[in-house]
Each structure stands twice: as structure tokens, then as C-alpha cells.
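*Asks:* Dock chain one against chain two, each of which comes alone in its own frame, and use the hints as you go.
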Amino acid sequence: MLFPTVEFALFFVVALAVAWELYRFPEWHKRFLLVASYVFYGFWNWLYVPLLLVISLIAGWVAQRIERTEDEALRKRWLIRGIAACLAALVYYKYTGFILTTAFGIWGIFGVPPAAPIAIPLLPIGVSFFVFHAISLLMDVYRRKLRGPVHMEDALLYVAFFPQLIAGPILRASSFLPQLRVMRNPETIRVNRGLMLIVAGLFKKVIISNMLATRLVDPVFLVPQSYARWDTLLAVYGYAAQIYCDFSGYTDIAIGCALLLGYRFPRNFNSPYTATDPQDFWKRWHISLSSWLRDYLYIPLGGSRGTPRRTMINLMITMLLGGLWHGAAWTFVIWGGLQGAYLAIHRLWASTKSETIQNLRETEGWTWISRILMFHAVCFGWIFFRAPTFEIAFSILRNLSVAGAATLLTGPVLLVLVLGLAGQYQPRRWRKGIEGELARWPAFARGAALAAAVIGIELLGPSGVAPFIYFQF
Amino acid sequence: MAAVFCGFIAVILVVESRGLQVWAERLEVGPLRTVALRVTSSWRRAMQPLGLESFRETAITDLARVRWSDDAAQTAESETAEAAHPAQTPLQPVLPQPPAADLKAPLVASVPRSTRLPAINAPTPGRPRVIALTGDSMMTVGLSAVLLRETANRQDLHVVKAYRSGTGLARPEVFDWMRQYPAMLASEHPDIVIVALGANDGQGFVENGEVLAFGTDKWIEVYRRRLASFLELISAGGAQVIWIGLPPMKMENYNRRMEEINRIVYTVVNGHPKATWWNPAPYIGDEMGAFREFLTTSDGRTLRIRASDGIHISDEGASLLIPVLLHWLDQQTPSPVTPTNRAAAAVITPSALNARRGISR
Chain A
1 MLFPTVEFAL FFVVALAVAW ELYRFPEWHK RFLLVASYVF YGFWNWLYVP LLLVISLIAG
61 WVAQRIERTE DEALRKRWLI RGIAACLAAL VYYKYTGFIL TTAFGIWGIF GVPPAAPIAI
121 PLLPIGVSFF VFHAISLLMD VYRRKLRGPV HMEDALLYVA FFPQLIAGPI LRASSFLPQL
181 RVMRNPETIR VNRGLMLIVA GLFKKVIISN MLATRLVDPV FLVPQSYARW DTLLAVYGYA
241 AQIYCDFSGY TDIAIGCALL LGYRFPRNFN SPYTATDPQD FWKRWHISLS SWLRDYLYIP
301 LGGSRGTPRR TMINLMITML LGGLWHGAAW TFVIWGGLQG AYLAIHRLWA STKSETIQNL
361 RETEGWTWIS RILMFHAVCF GWIFFRAPTF EIAFSILRNL SVAGAATLLT GPVLLVLVLG
421 LAGQYQPRRW RKGIEGELAR WPAFARGAAL AAAVIGIELL GPSGVAPFIY FQF
Chain B
1 MAAVFCGFIA VILVVESRGL QVWAERLEVG PLRTVALRVT SSWRRAMQPL GLESFRETAI
61 TDLARVRWSD DAAQTAESET AEAAHPAQTP LQPVLPQPPA ADLKAPLVAS VPRSTRLPAI
121 NAPTPGRPRV IALTGDSMMT VGLSAVLLRE TANRQDLHVV KAYRSGTGLA RPEVFDWMRQ
181 YPAMLASEHP DIVIVALGAN DGQGFVENGE VLAFGTDKWI EVYRRRLASF LELISAGGAQ
241 VIWIGLPPMK MENYNRRMEE INRIVYTVVN GHPKATWWNP APYIGDEMGA FREFLTTSDG
301 RTLRIRASDG IHISDEGASL LIPVLLHWLD QQTPSPVTPT NRAAAAVITP SALNARRGIS
361 R
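Protein sequences, first through last, are from chains A and B.
So that you can map any letter, position 366 of the first sequence is 366 in our numbering, and since no number is skipped, the others follow by simple counting.
So that you can map any letter, position 159 of the second sequence is 159 in our numbering, and since no number is skipped, the others follow by simple counting.
Derived from the structure by calculation, the hints contain no laboratory data.
So the derived label-pair ranges between C-beta atoms look like this:
| no. | chain 1 | residue 1 | chain 2 | residue 2 | range |
| --- | --- | --- | --- | --- | --- |
| 1 | A | ARG143 | B | ARG67 | 55 to 65 Å |
| 2 | B | ALA10 | A | ILE372 | 45 to 55 Å |
| 3 | B | GLY126 | A | ALA9 | 53 to 63 Å |
| 4 | B | ARG26 | A | ALA73 | 53 to 63 Å |
| 5 | A | TYR23 | B | GLU252 | 40 to 50 Å |
| 6 | B | HIS158 | A | THR367 | 47 to 57 Å |
| 7 | B | LYS104 | A | VAL35 | 46 to 56 Å |
| 8 | B | ARG26 | A | GLY436 | 38 to 48 Å |
| 9 | B | ALA10 | A | GLN279 | 40 to 50 Å |
| 10 | B | GLY51 | A | VAL14 | 23 to 33 Å |
| 11 | B | ALA10 | A | TRP28 | 21 to 31 Å |
| 12 | B | ASP62 | A | SER271 | 31 to 41 Å |
| 13 | B | ARG67 | A | CYS379 | 21 to 31 Å |
The model shown is predicted, which means the values in this text are computed figures rather than measured ones.
C-beta atoms are modelled at their ideal positions from N, C-alpha and C, and glycine is treated no differently.
One chain only, chain B, in its complex shape (with noise of 0.2 Å):
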């Protein structure tokens, strides 16, 4: 047994010493991840004389070839695979940079309870509004399957699936948002994106080589400047951002952080002229927007609106949200949207959502 173990051991440290660093890399910062960095990293170093890796390189770069993946977190593997031989690959896409008054408006001290839809563009003539779904597991669990299968059937609409479970802006080492969203869009030019993102980033992360542990003045400053690149990248081209607010969570600590991050983005996202947070709470959280699991209708129907985590919204609590969405995207409001006629454009309210659905609360 135990030279079976040296066998095996020894392979996976001379082959995978890269994907043991990039494992190091992806875990959660604290002590574990700096020695396991510290370690890995050396070895890599030991091991790149070998010249193993490109072995790893050349076989994800052939599998993207034969297309056995159409993950486009894989097609960007494999081209930061051929990025490691510079000589072979085109330059790197430059990003592209936040303006500098959006870095310095004051964090708002709470968001607001009610939020409105803008005005929307008007659509092309003679092609149909281009929807980016784009975020992490709160889009990918409840709120795309209901968009996606609400608009199945209309020729109006083209959706196009940008999200990605376990990912977020506070660890681009773990999925690079700013690499991986491109990617995700392929040709397409997205008029209007919705993003639901931020669940994950209730973390810290290394910035430049130092530990930036959450909350802190300098991880916010940093997460807003992701944050406001990744608004300039996803608004690239026009498109119109609808930024959905994280809702109350379960769990109380978690929902403390995840409030932080609602504030932080909220902040950001309103300084930034085509994009707009809409707050989810006041439809599917309680009478105060605290977090709420069911919800009953006037017909008697008792709906679970949360999964079962706590956390993301069930198909039942996407249903709540979803209509509003669809009344905002059927609007034919002509002008576009500026600072100042934002708030101006009225959606279905709450309220008259509920009284639409037949729900009591």
C-alpha cells in the first residue's frame, strides 16, 4: 500500500503542480491558503525545469480544439493555457477602467426599501432586445430557469445565459468575471443586462499580496473598483444594467454581510449613468423586507418562496420578481435613460404586483 501511495503522490506532484497551485490559490484566504500557496507555488517553481506542464497545457488547449467543452470557463482556460507561450497567442483585451468620481461618492448607510425600474431603450428595429442573464447562483438558481422559461416563446426577446454558479468579484483567481463575461457572450451584444451577483463575496481576498479581510475601508475600496469595472464592461456597447439587489437571507450573519454588499453595490451601481439596483426585498421579503420562506396568496395558496438553503430564490419566489421584469421589458419608452429621468419611469409596484398575483400579506 504504501508504495502504491509513493506512486500515485509522486505523479499527481510532478504532473498537477500547477493545478495544485491554482487549487492553493481558490481556497479560502486565511493561514491555510498562505502556507498552501507558499508551498505550492515552490514546488511549481522546482517542477517547471521539468517542463511537465505544458503536457497539462497542450491537452486542454486540443479538448477546446475537438470542442469536447462548450463551457466557456474552459475555452478561457484553454486560452490562458496558450497565453503561457506568448509568442503563440493574441494580446490580452485591455479592461477596461472605472472612472474615478465613481470611487469616491460616501457609502449609503442603508439601501433603499423602494426602488424603481428605469425608462428603457427603445429596441433596434428589425432584431429582437438582446437579454444578458449574467451572475452567480442567485441568477442561476430560480431566476433565469422562470425568465428563461417566460420569454421561451418570444420572437421580441433573445436571452443569453452569462452565469455561473460559485463565482463573484471578490476572488477573480477563482472565476475572473472581467476574463469569463466576454467569453460567455460570444458574438452577442447584449441591449439589456440582469445581473444577480455578489452571494460569494461576503469573503476576504488578496489584493497585490496583502490579506484584505471583509468590511474593511480597503476591501471596499477595492471591491467597488471590481465592481465598477465590471459595470463598464457589461454596459460596454450601450447595454442598459438592471442590477438586482441580493435579498434578506436566513441566516443572520449571513445576511448582515450580504446587507454590507447590497450597500457597497448599491453605492456604485447608482453612480454609474445606464446602470440601475433594483431592490428584490420588497417582493418576496416580509412586510419590513426581512427575509420570509412562504407566502400565501388570497386563494389560499401557501408558496415557498426561498430554497431550501436560505438563500437563493425558489422558481416560486422568481415568479414574484420576474413578471415586474417582463412589464419593465415590454415598455416601448422612446427616449434613453440619463441620471435624471431614472427614477422617473414607473413599474408594477409591490403592491400591485400582489394584488395582481392575489397574494395577502
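This is chain A alone, in the form it adopts within the complex (with noise of 0.2 Å):
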């Protein structure tokens, strides 16, 4: 089910309407919403509900185990076991053809392979953050972040809640499960910062993601060759606010949606295009994915606490698997392997101790600068992970030299450009104003509002609804 569709919003109205009559009874309230959340996945496909049923049970039996146990050496081989179910199930279902095909090239470079069938399953959605949902309730069991007994009941909906279900954003075991403790109280529910949250989610998605994708981006990636410089250049820029907007727009709903049933999500995006160096963005893009990764991998491996070369080689490694976890592709892998050099070159620099260097980066042209350069930097790594092969991705770097006219710029496109990568630095003050304000509206003008946005943003957003980005992950 996607969000911007009639049959979403049907849906939430009545899974809304019910989870509000039952929260006086928080253990019925939980049972509804976990059956809401497995209709919500079955609409796209009853096949694979099985398997997110799997998953959440061995997750919460696994988790058990280890909670009930006491010997350190016996949690570590549950934890084990269940983080290699939950990853056997992941590599299976989205690594098996990548795997093949790689094996079956190297294979080539000795000799022909066997031309035998290869039978690989079909990628259900959402596997990549039902799975990352699963490990991190063992590794939060396992660390003793979680206080209080894991009801199965709670494994199973915190693995499969509706609104994060199937592009996240991705949340930690440790703040969710406790929020499933206590009883909901409705009055404290911020309805309007969730209505504001919908509604810029659809405007981001619906308008400005979808108009750059249809009328701008999409058709110069698919071609290469039929533009020139300032197309591609723009295709570079808008496919930066597409992406942007596409993927934070989709957490925009879920978390808004969330706060609507009463829970709270974390803050998955913070203006990333204006972040100064790649750590910052990495603070501030995919934030759930980027602290996942730093949490459940990066420091296991050894972090910074090693010697610079080894922090390198685990900023890489954390990286190029962060971009293995995007897509099973190669250029998914240059687009990590960039993001952990561009990390690695950024920890060399900041290390640098000139004087001279150290006054430069505290001026307020430097702050703009290092915003320009990381901006570029960034819009680098997407040409990789947008285009579909190497190829391309090429060609579209060389297009970057080409004389020519820009053909797909027109009005409608450079507005939404400009609102996709400017947006980014409206003030903090605007969104709680709007919300001020909207506190002191009549309830029902308040919905009149929503509804008013509503059919604003369905009649200026391109026919069809496009598929989230990040629905393929």
C-alpha cells in the first residue's frame, strides 16, 4: 500500500479511528494494530507475510532466549544464531542473484560456467528494514538496553508497525518497545505536528519528487546521450532533490502518522544538503540508518578506538556494506566505498593541526564553501546510485562537458528545484509558527485544512503515484 493513494488514506482513517477507541484497553490496542499492520503489508502481497511473521518470531523468540539467560557465552551464540536467521533470510531474498551473478563472472574470467537454470526469489518489499528491525531488538536484548521482559506480542509489532514497515525509518528496539508499556494517553498526542508532517511529506513526495523524477531526471538517466551539459547538471541537482525529497517525504508520513496513533519516531532526516562536512551529513541524512550502522556495525568492529589506519578501514567497511544494503548492485558499492573515502579523507583533514588551516575553517566563507564542495561531493556519489550501470553513470559524467542547450528546463521544474534544495534552509521558527497557529484554528478547521492541502497537492502532482525510492531497499 503507498502512502499518497486513496486506499492508504482509507485505511489510516479507519486504523485511526479504531486504535483511538482502544487505547483505554492497551493490550487490545496492540493486537489491532499489529493485525493493521499485517493487512497493510499483505495489500501489496499476501505471499511474503509469512515471512515477516518468521522473521518477528525468531527475532522475539531469539530475544527471549537471551533476556532469560544469564551466562554471557550462552546470550553472545543466541544473539549469533539469531542475527545469522535474520541475515540468511536477507541474503536469500535480495543477495542471491547479485551473488550469482558475480560468482558466475569471476567464474567467466576462468572459463565458461554452467549455463544451468538459476531460480532466485522474488525481493519481497521492505525486507532490508524488517531485517535491520529484528537484529536491532536482539542486539538491544543482548546489551541490556531494554528494561523489562520482550513480550512476543511486542517483538511482532515492533518489527511489523505499519507506519515504518517498508522504508522505515528504521528505529531502535530500545525506544520503541517501551513506548508500548505505558498507556496512551490521547490528549498529549501532538495532532497538529503530525498533520503538518503528512501534509509536507505528500507535498514533498507528490510534487517536487515526482516532477523532478517524470520531467527531469528520469529521462536523462535513461538516455545519457541525448543531452548536454546543462541538462545533465540539472538531472545531477534534481535527482539530489528527488531522492531528498522522496525519502524524507516518506518519513515525514510515517513518523506523522505514528505521532497520530501516539508513538513517537525519530528524526530521520535534518536538513542534509547543508551539512559541512560528510560526518555531518552523515548526521544528518538517513539519520536511523547512518546511527544503525554506526551502533550495530561500525563499533562493534573496532570504531576509532584503533589505530587511524584500522579506523579507516572500518569507516570503509561500514560504508561500502552501508551501500550494499541499498541495493544489490555495484554501483550501489561505489556509492558506499565513496561515502567511506569521502569519510576517510574528511578524518585526515580535520586532523590536519595548521594554525593557518584551523583559523581558515572557522570563518563563515569557509562554513559555505565546505557546504558547496560536500554538496558536489554528494551529488557525485548519486550519479552512481541512481544510474543503473556503470555505464551510464559515466556518460552522464562525461555529458558534463558537452556544449548544449538546457531543453528540460522550464518554470514549473525550476520551482520545484529550487523548493526541493532551498527548503532545506527554512528557518526551524517557520514549522513551529504554522503549528502555533494552527493550534489556535477550530478542530474541524483544522481538518478542513488537511483536506484543503490535500486535494491542492493531488491536483499539482504529475497523474499515477510513483513508487518511493526507497521502497526497492
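*Replies:* What follows is the structure, encoded as C-alpha cells:
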């Protein structure tokens, strides 16, 4: 079920109404949300509901084993078994084709590989996200970050909770499960904030992301050789705005829906293109994933506790695997490698002791130069992220030097491109101001305004609903 | 919260009564659609005296006027909106009617595995050959991308994009090809139309208020009629039509439906003087023409020729088909195509193509 559809609107309106009615009965409230989450997932394809259930059951059952065991060695064994089971499912469903193609490619260097038929499974939607949730549950229980026993019902709901189920944000078990243990109080729910997030998310996705995709980015990445410098450059900037608006739009809607249901999700984006260095960027972009990778991969690998060389290696491993998490293709691996290289180079740069450089870093001018450099480094990475093949990625890079006019630049395209990029510099007080203003309106008028916003967005967006980019991950 | 709800729902119900009905029309045919359509139609009738529908129609028309959208579908929607006020709008185009004979031929038991492309019409001197790519996501994914890349620098070919994902001939209320195709072509007059369509048509539909289940005699009869009309439309002006059949699919149930669509399409296309049905299975299927996902080249490369959904053709898969079409396009056969000489023109065979690309089976 896609968020910006009538089906989801109807589903959510019913789910919200029933959930609010059930606040007084917490156990039934949770059970209802669990059933609603499975209906939400099954709406795409019922065939994969058992997979979601099995992963959740394994995570819940193993978490209970870890929790009830005091023997550290045994706890670790359970943890490894649980993670191995979850990762096995992820590898099987997401990476079988990639592994086999690569293996056969290497085989092909030495001789002709067998032409035996290879059967690979269909990719279940959201598998990367729910497997990461399952691992987070196991890790948080192992690290004793959860207080109180893990109930199977809570574990099932944590992994499958529908607002975050298919494209995040990636919740921590230690932040979500405690929310299931307290009685919800409808009076404390920030309804205005939730509504604003939903409208903002729809605006970003339906208008900015979809329009940039259909009218600028897709044509150039489909046939790069048909476009010259300015169209190509605009398409690269356009993709930066598109992917931000697409993914942050999705998480805005997810956070808004969760908020209306009474649950708090972590912030997933914080104006990422205002970042001044790679470390800053990863504290602002897909925050729930980067912190997941930091806590469950980078730190267990040794983090920055070893030698500088070891730290670089840890960074590179983390970002390469982060790249591979996004997609089973070498273009994603290169994208991850670039991010790792940016982080490593920045570490070296940051450790420079020269007084001149340190003074330079403190100037406002340098902040802006850093922002611009960082934005372009990110855009360079996005070329490999978006291009389906290296051939197309290099064709895009080549075309940046080919003279020619901008044929795809129209008023609406320029407007949404500027909104998508410059919108990140909007002062936070604007949002708070609108929220404060809405609070003064009668509740009925707020609902009417929400409806008017939704109708306006639907009219302004391109027809048809393109899937969110992160659905494929 | 309840008051917010009420405000939201009240505005949506009053202002979007038409949108809700359109949504209900587009649901999969079944009891839910029947109920939803009944409720939303009644509601829309009740709301019509308020005259609020015109607000939406005016907005769509104004947006099209300022070129907010370059989407032919939205432009056509604005035309539909204008058509709601007959006094202000031109007459609807008269849609071509299929010749009766096309609809009488018995359905073939199975499509031929080996098909040939016809002799190609000679190009018009002094202008590039205009090729329209049309269809659903079977054209959008893979085929169009590779063909557009391969022809990007050719001055003798001009490719027109007239495809749209999530469409078909089964549900004109979702996307009406008879209306949209001319809008997508705009002022172009294709010499050749390459079609890949039908992947979304394995479903029931409603015809004159009657629900027709997929594959029933009545369903087939109506679908054939729509196919024949569509063929008349796209071949109007003398365009030669190459209809690429649906490739074998991964999921068995779905594949059975697509085989049924192929049989129907083949029967109708085969009876049309300007159209040829072309089977992609020998190029991207296995030895038996069944689904396969990977293919190994003789130089040791393993290609993933189908998309991860087991339905669409990947770029690498399309790279097996497009050279055949390009080779065919490069022919300069002067004689026009007739049913008698259609089978005579030889093109690259799957084995020749595979030998050329170094593919071993």
C-alpha cells in the first residue's frame, strides 16, 4: 500500500479511529495495530506475510532466550544465531542474484561457467528494513538496553508496525518497546505536528519528487547521450532534490502517522544538504540508518578505538556494506565506497594541526565553501546511486563537458528544484509558527485545511503514483 | 481529534465526490468495487447540485493552460473536464471501428514459437523514419530504454515515446488508450509503431454494466474488439505495427494468464494487414521458450535478462531483442507489406543473434 493513495487514506482513517477507541484497552490496542500492520503488508502481496511473521517470531523468540539467560557466552551464541537467521533471509531474498551473477562472472574469467538455470526468489518489499528491526531487537536485548521482559506480541508489533514497515525510519527496539508498555494518553498527542508532517511529506513526494523524476531526472538517466552539459547538471541536482524529497517525504508521512497513533519515531533527516562535511552529512541524512550502522556495525568492528589505519578500514567496511544494503548492485557498492572515502579523507583533513587551516575553518566563508563542496561530493555519489549501470554513470559524467542548451528546464521544473534544495534552509521557527497558528484554529477547521492541502497536492502532482525510491531497498 | 476527522472527511466528501467515484471505478473488478461504485456514484449525484465539481475541473484546465504538466494523460484529463461543458468544447474524435472479419477468426491454440518480422516499408525520402514506442511497463522498463539509447545519435530515426506504465486495454476507465494515444503522439505521424502491451490485462472488467471474468468467452470477445479498435487507431495513416508478444513470466499463475493474452492478441494481430505479432520468447526464454532469469554468454558473462519482479525485461534482456528490431529497421525493402509477403522477409534469427553476441545456451 503506497502512502499517497486513496487506499492508504481509507486504511489509515479506519485504523486511526479504531486505535483511538482502543487506547483505554492497551492490550487490544496493540493487537489491533499488529493486525492492521499485517493487513497493510499483505495488501502488497500476501505471499510474503509468512516471511515477515517468521522473521518477527525468530527475533522475538531469540530475544526472549537472550533475555532469560545470564551466561554471557550462551547469550552471545543466541545473539549470533538470531542475527545469522535474520541475515540469511536477507541474503537469500535480496542478494542471491547479485552473488550468483558475481560468482559466475569471476568463474567466467577462468572458463565458461555452467549454463544451468538459476532460480532466485522475488524481492519482498521492505525486507531490508524489517530484518534490520529484527537485528536491532536482538542487539538491544543482548546489550541490556531494554528494561523488563520482551513480550512476543510487542516484538511482533515492533518489527511489523505499519508506518515504518516498508521504508523506515529504522526504529531502535530500545526506543519503541518502552512506548508499548505505557498507557497511551490521547490528550498528549501532538495532532497538529502529525498533520503538518503528513502534508509536508505528501508535498515533497507527490509534487517535488514526482515532478523532478518525470520531467528532469528520468529522461536524462534513461538516455544520457541525448542530453548535454546543462540538462545533465540539472538532472544531477534534480536527483539530489528528488531523492531527498522522496525519502524524507516518506519518513515525514511515517512519523506523522505514528504520531497520530500516539508513537514517537526518531527524526530521520535534518537538512542534509546544509552539511559542511561528510560526518555532518551522515548525522543529517537517513539518521536512523547511519546511527544503526554506527552502533551495530562500525563500533563492534572497533570504531575509532584502534589505529588511524584501522579506523579508516572500519569506516570503509561500514560504508561499503551500507552501500550494499541499499541495493544488490556494484553501483551501490561504489556509492558506499565513495562515502567511506569521503569520511576517511575528512578525518585526515580534520586532524590537520596547522593554525592557518584551523583559523580558515572558523570563518563564515569557509562554512559556505564546505557546504558547496560537500553538496557536490554528495551529488557525485548520487550519480552512481541512480545510474542503473556504470556505463550510464560514466556517460552522465562525460556529458557534463558536452556543450549544449538546457532543453528540460521549464518554469515548473525550476520552481520545484529550488523548493527541493533551498527548502532545507527554511528556519525551524516557520514550522513552529505554523504549528502554533494551527493550534489556535478550531479542530474542524484544521481538518478542513488538511483536506484542502491534500486536494491541492493531488491537483498539482503528476498523475499516477510513482513508488518511493526506498521501497526497492 | 474527532473534530479534526470530521473536518477532513467533510471537505473531502463534498469537494472530491467525483475523485472518489473515479477511484471506485479504478478498483479491481469485484464486490468491493461494486459497493464502492454504488456508494460513490450516489454520493456524487447528491453533491452535484452544489456545483463544486467545476472547481476541480477549472483547476485542472488552468494548470494545463499554464503548462504545469507536460503529461499527456493530465492534458487529456483536462480535455475530459472541458468535455463536461459541451458548449465550450470541440467534438470528441470519432474512434475507429474494427472490421467485423477481424473478430470472427478462431483463437489459436498456442502462439507460434518462431515468428518473423515483415518486410519493412521504404522510408519517406528526406525525412527520418518516425517510430512510436507504445505500451505499458513492458515497454517502459527495458525495451524503450535500450532502444532510445541505441538510436539516440541516429539522424535517420526519430523515436516518439507513447507508453505508460500501469495501463492496458482491459480497463479503459483507468487509462483509455483510445483517447490517450493520439494525445501522446501530438502532431507526430509514425511510420512504425512498436507495441508491448497486455501485462496488466489478466483481470476482469465491466462492459455495459456486466462484470466479465477474465478468460470467459464474453471477456475474450470484448477484449478482441478493443484490440482490433486499438490496432486500427495505431495503424491509421499507414503505420506498420510490430506487436511484441508478452515474454514468459516467472509466476506460474500469472504466466498462464499472459499466455492467454498472447493467444488472443496473436489471433487479432495476425488478421490485420498492417500488423505483425513477434514472439520474444526464443530470444529471452530457455530452450523450450519458458521463463529464464539468467543467460550465460560464451565469453563467460552472466546476464540477468529479467527484472527482479519476474515480469519485466531488464536492460540486458532488452539488449537481446533491440538489435533484432534495429536490424529490421535498417532494411530498405521497397515493397509495402502485404499478408502474402509478410512471412517472406527474413531477419536475425535467435541463433544468429546469439552467435553474434557470443551467447551459448
